[in-house]
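Asks: Based on the provided sequences and hints, a complete structural model is requested.
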Amino acid sequence: NAGVTQTPKFQVLKTGQSMTLQCAQDMNHNSMYWYRQDPGMGLRLIYYSASEGTTDKGEVPNGYNVSRLNKREFSLRLESAAPSQTSVYFCASSEQASGRSAQYFGPGTRLTVL
Amino acid sequence: AQTVTQSQPEMSVQEAETVTLSCTYDTSESDYYLFWYKQPPSRQMILVIRQEAYKQQNATENRFSVNFQKAAKSFSLKISDSQLGDAAMYFCAYRLIQGAQKLVFGQGTRLTINP
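Residue numbers (our numbering), protein chains in the order written: chain X, 180 to 293; chain A, 103 to 217.
Worth flagging that the hints you see were computed from the coordinates, not collected in a lab.
Don't take each hint at face value.
Claimed, not checked - One side only, chain A facing chain X, incomplete, derived with CB under 8 Å: (1) Arg145; (2) Met147; (3) Lys204; (4) Phe207; (5) Gly210.
Unchecked claim - Over 10 Å on every C-beta distance to chain A, these chain X residues come out as not near it, computed from the model: (6) Thr194; (7) Gln196; (8) Met206; (9) Asn207; (10) Arg256; (11) Leu257; (12) Ser259; (13) Pro262; (14) Ser263; (15) Glu274; (16) Gln282.
What the hints assert, rightly or not - To be clear about the criterion: a stretch of chain X counts as covered by chain A if any three or more of its residues have a C-beta under 8 Å from a C-beta of chain A, and this derived list gives those stretches: (17) 227–239; (18) 264–273.
Don't be surprised by glycine CBs; every beta carbon is placed ideally from N, CA and C.
Replies: Rendered as structure tokens:
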């Protein structure tokens with residue numbers, strides 16, 4: 180049981196390049212989330228998927244798109260990377276969309292945009 | 103809008119001693135959950151403890167316990183018998199029971215354990 184896995188662990192992009200961050204969970208969770216963490220700050224929600232087939236914007240969605248490929252996988256795409264998107268990105272999952280369900284996090288992807 | 107504030111950017115404690123990390127939050131809701139997450143140097147976010155707002159009893163998990171004061175909107179974390187492995191960033195987080203799915207995080211407290 181690997182929990183939540185993310186690929187890649189590190190990535191360097193040039194301004195304007197695109198890339199997709201991959202996330203998968205093997206806990207049969209219904210809900211999945213993408214957060215970003217900037218230096219000295221807590222995590223901020225980018226997008227979430229309450230259940231397979233649905234996605235919704237979070238606090239900071241601009242410049243990102245997501246796809247809930249199936250129950251296990253939830254990807255985050257940067258279409259045209261900008262230096263302001265330099266951050267650490269975390270994927271998380273929870274059993275249900277209700278507040279009691281704790282969110283379990285992946286190890287993070289450190290992204291640098293030059 | 104809900105906000106979470108951790109007023110201590112850094113804390114340190116001697117190994118085997120007890121330390122308390124502070125957290126306050128602002129909300130107009132009555133039903134919600136509160137969490138403490140630990141982020142070691144590996145960067146992984148690890149759930150430490152959670153508290154349901156409707157429960158008066160404070161949650162405990164082994165050496166970790168909380169002091170939940172709903173009227174004061176305060177949610178502090180107490181770590182007893184501190185160990186070197188407790189060194190990490192600690193984040194307080196809030197989440198509504200229904201509706202919006204996001205966790206609202208505080209800015210974090212960096213905890214150092216002195217041997």
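Asks: Among the hints numbered above, which are violated by the structure, and what are their numbers in rising order?
Replies: 16
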